[in-house]
Structures are given as C-alpha cells and as structure tokens.
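**Q** Chains as they are written, first to last, in this note's numbering: chain L, 122 to 226; chain V, 56 to 394.
In case anyone wonders, no lab produced these hints; they're calculated from the structure. Ideal placement from N, C-alpha and C gives every residue a C-beta, glycine not left out. Be careful, since some hints might not be right.
Chain V stretches covered by chain L per the calculated footprint, using a threshold of three residues with CB under 8 Å from any CB of chain L [what the hints assert, rightly or not]:
#1 92-106
#2 218-227
#3 235-241
#4 297-306
Facing chain V, from chain L, some residues (calculated, C-beta under 7 Å) [what the hints assert, rightly or not]:
#5 G163
#6 A166
#7 E189
#8 D191
#9 D194
#10 Q195
If you anchor each label on the Cβ, the simulated ranges turn out as follows [claimed, not checked]:
#11 L:K225 - V:N123: 34 to 42 Å
#12 V:K346 - L:G142: 20 to 28 Å
#13 L:G162 - V:H282: 14 to 22 Å
#14 V:N123 - L:D216: 31 to 39 Å
#15 V:D126 - L:K181: 47 to 55 Å
#16 V:K145 - L:T212: 49 to 57 Å
#17 V:I125 - L:T212: 37 to 45 Å
#18 L:K225 - V:K104: 24 to 32 Å
#19 L:N183 - V:D103: 23 to 31 Å
#20 L:N200 - V:N156: 31 to 39 Å
#21 L:D216 - V:K267: 47 to 55 Å
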Amino acid sequence: MTKITYIEHNKKSHTVEVAKGLTVMEGAVENNIPGIDADCGGGMACATCHVYVKEEWFNKVNKKSEGEDDMLDQAYEPNKYSRLSCQISVTDDIDGLIVNLPEKQ
Amino acid sequence: MIKTDALIIGAGPAGLFTAHQLKLIGLDCEIVDNLDKIGGQCIELYPDKPIYDIPAVSECTGEELAKNLIDQLKPFNIKFHLNERVDEVKNNNGNWEVKTNKGTKFSTPNIIIAGGVGSFEPRKFFSKECEKFENKSIFYSIKDKTIFKGKTVSIFGGGDSALDWAIELSKNSKINLIHRRDEFKGAQSTVEKVQELAKEGKINLLTKYQLKDAKGSNSLESIDILHDNKEVKNLKTDFVLGFFGLIMQLGPIANWGLNLDKKKINVDTEKFETNQKGIYAVGDICNYPGKLKLILSGFHEGALAARACFKLARPNEKYRFEFTTTSKNVKKRLGIKSD
C-alpha cells in the first residue's frame, strides 16, 4: 500500500493507503475524498479529476499522458503542477505523495 | 401538451436502446437531450475512441456505436427534442408532467432517466464578475456573429472552437486570442492559420495567460489577464468568448425528489425504478449494488425498465414476452413482412 495525502482547497487533509496499480483518482474515489468528481471514470475525457501535485513530487510521478495537457486546458485554474489524477499510477516510488485539490472541478 | 407512453431523458446509448425496447413492445416514446446531436457521451466525449466491450462487436468507435443505435431505431418514428433540457417534473394524479427549458410540455406515466452523468453545459469562467456580463458581453457559444463586427473580442481557449472563431471573427473584428500555454490542440492547419494571422497582426496572440477578472460597471469595459509569471495585463475589450469544452452537471434532476447518492440515482434491479413510481434510471446515472458503468449494462437496464413502463402505460392489458425472431407482432412493428 502507498500513502497518499489529498489536501482539499479548504486545507482539509486526508491521508489514505492506496493499493499499488490503482490511479491517484481511484484512490480518492475509493476513499470518498471530496473534490475529485472523475465523471468519465478515468477515460481522460472530462478533466474533473484535476489535482496540483506538490512541487517536490511533480517529477517523481509518471509523466503526462499524450493528450493530457489538451484536457487540462479545460480544467479550473491549471498551473504547471496540474495533472489529471486518473493518469497518475500508484507505485512504491510515490509513497508519501501529496496532491492539492482545486477549488472546483 | 405532448402525451406519450414514456419520456426518455438522454439520447446516449442507454436512452437509444431503451427507446428501441419500448417500441418493440408497442409503446410510444419521445426523447429529450440537452445536446444538439444524438449519441450522448459517445459523441461528445469520445467519438474517435475505440470501444472493445460491446457484445458481438469486436471494435467500434463512439461515433460508430451511436450511428448503429440510431440505425436500429429506423423502423420506428421517434421524436427527438434536441437542445432541450428537462427542467420540471411534477406529479399530477399519477401522471408525470414534464416541462423543458424551451417550454415543451409532456404528460406521461413513465419517465426514464438515461442522463449519463447529467447534462453537458459549457465550462465557464470562475470569476464572479463574469456572471454579471454573461450573455451580454461574455459568451460560451455564438448565436449571432454580426454583433462582433468592428468590436474588440477576446477569445479564451486552445481548441478548435477557440481557433476557428478567432480566424472567422478576425475578418471584421479586433481579436485577442488568449491561451494558458504555448501549444494549441486544434487541427494543425488551423493552428498554422492562426499563427499566420498573428504575424500579420490580425490576431493578438497572448499565451500563458488566464482570465483573472472582468471589469466594467454596466457593460464590460476591460479584462485583467494573469501570466504564469504573475504579471497582470489589462486589455480593453467589448466582448469575451470562452471555449473550455463541456462539463457534465446533474442540473435540475437534483430537484425531482429522487433518492440520490452523490451524482447517481438509486434504483431497484427489477424495474430500475427510482423511489418515485414511474420514474426509472438506466445507464451511467443509476446506482445499485454491483452497478457496472458499462454500455452493455445500460442496455440491460433499459430493456427491463421498458417492460416496467408497459404496466403503467397499458394498465388494462397484459404484457406478453415475445422474441423478435418469432413474434408476428414484433415483426410488424419493425416493418418486416413475416411469412
């Protein structure tokens, strides 16, 4: 299991254990973390699982998928640490990952 | 007031196949969808993406699936109400009275909600100030392009809609095209055309900027845009257009007294009926233990909900289960001569 911390826009923090092989989006949905809608269910078709990866973790998570930046164009206030959490794989390497959630999806 | 045996909300795969099932058992139905075309998420979200888990179809794209479902409905005359969103649902003596945002009214014993994850609405700017100018100087779609003639128009977005309108409106208006990064996702030829127009000074291209605020007392006067490096620039502008794609909103469905679980509607697994008699939910929007968000599940749910509709639409008749392979009645409805 990999420890992931999701911090809501109102600063409320949720640290949960997520099984390897899932995505950061699935980890949020399984643990009922508010702030990630994931309307399309992980198809990279909706931009409602947008997160900001904490700076020091940004280069440790797997690289952006092709087309991910195109979808991020539609997200609310994207910045250079923006990712679609359905495209971040949970591995041992990211144990302790911290992501911040946007004000809205 | 349109009277129908069943009203389907949502013209995606689940809604379309439910219509097929209703017609096969001899019931009328009409379909309302907020989008301007038939096909739901298949058409709007992933027209070109291949799907591999439709039974007996090894591979097809979202667009092909929608087309095949529409073809399957050809024997039937089904009225579609596109570009309309169901706003009100009220019970009147056991019948449901339904009203859309365009004022179309229905009276029906059965409503089948096949709404996916709600209706598609344009993504909007989040600045509160923008709401004040919405549909006056700030638009998310264009109905009448002549209003922009001779004016300054600031267009936000990096996809085909933003680029196409920037090119088109640059003929008669002063254009600012603002995008959050340097890359555009539009068709290559469109991107090149925009760059060419930018070189000629016909489009003022501003990348790595996002909208910060809209300013003006009665009418829009200017906007503040924020660069990645936090620098703020003020642009005088008459109009602002935002093209950020669509987002799904549950919308008015939340007000119909249904038993909701997050954005899903709880149903039973016999009729796919909600807590309201005569209102069913099928496809991605319904929820029950073991629910799978697969298109094939939507087909099954629709087939069962259609049978449940029969009881309320034809209270004095007995429903008979019939196979399409052998039933003369069914073949007649399909317009096939039986021998």
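**Q** Next, verify each hint and record whether it holds.
**A** Comparing the hints with the structure gives:
Judged by the Cβ-Cβ criterion of 8 Å, the segment 92-106 of chain V is covered by chain L as claimed, because 4 of its residues qualify and three suffice. With 0 residues carrying a beta carbon less than 8 Å from a beta carbon of chain L, the segment 218-227 of chain V misses the three-residue requirement, and the given coverage is violated. For the segment 235-241 of chain V, the proposed coverage by chain L is satisfied: 4 residues have a C-beta within less than 8 Å of a C-beta in that chain, meeting the threshold of three. Proximity of the segment 297-306 of chain V to chain L, defined as three or more residues with a beta carbon under 8 Å from a beta carbon of that chain, is established by the 4 residues found.
The closest approach between the C-beta of G163 (chain L) and any C-beta of chain V is roughly 10 Å, which is over the 7 Å cut-off, so the hint fails. Hint status for A166 (chain L): holds, given a least beta-carbon distance of 4 Å to chain V, under 7 Å. Of the supplied interface hints, the one on E189 (chain L) is violated, with its beta-carbon coming no nearer than about 11 Å to a beta-carbon of chain V, more than 7 Å. Because the closest C-beta pair between D191 (chain L) and chain V is about 4 Å apart, less than 7 Å, the hint holds.
Look at D194 (chain L): its Cβ gets to within about 5 Å of chain V, closer than 7 Å, so that hint holds up. Evaluation of the Q195 (chain L) hint against chain V yields a held restraint, the C-beta minimum of about 4 Å falling below 7 Å. Between K225 (chain L) and N123 (chain V) the beta carbon distance is about 37 Å. The supplied range of 34 to 42 Å therefore holds. Under the hint 20 to 28 Å, the C-beta atoms of K346 (chain V) and G142 (chain L), about 22 Å apart, fit the expected range.
A C-beta distance of roughly 35 Å is found between G162 (chain L) and H282 (chain V), which places it outside the suggested range of 14 to 22 Å. Taking 31 to 39 Å as the suggested C-beta distance range, the pair N123 (chain V) and D216 (chain L) does not conform, at roughly 46 Å. In this structure the supplied range 47 to 55 Å holds for D126 (chain V) paired with K181 (chain L), their Cβ-Cβ distance being about 49 Å. Taking 49 to 57 Å as the suggested C-beta distance range, the pair K145 (chain V) and T212 (chain L) conforms, at roughly 52 Å.
Hint check: I125 (chain V) to T212 (chain L), Cβ distance near 43 Å, so the stated range 37 to 45 Å holds. In this structure the hint that K225 (chain L) and K104 (chain V) lie 24 to 32 Å apart at CB holds, the actual value being about 26 Å. Distance hint for N183 (chain L) and D103 (chain V): a CB-CB separation of about 24 Å, consistent with the stated range 23 to 31 Å. Checked against the given bound of 31 to 39 Å, the beta carbons of N200 (chain L) and N156 (chain V), roughly 35 Å apart, stay inside it.
Separation of D216 (chain L) from K267 (chain V) is about 37 Å and departs from the stated range, judged on CB atoms against 47 to 55 Å.
In summary, the numbered hints that this structure violates are 2, 5, 7, 13, 14 and 21.
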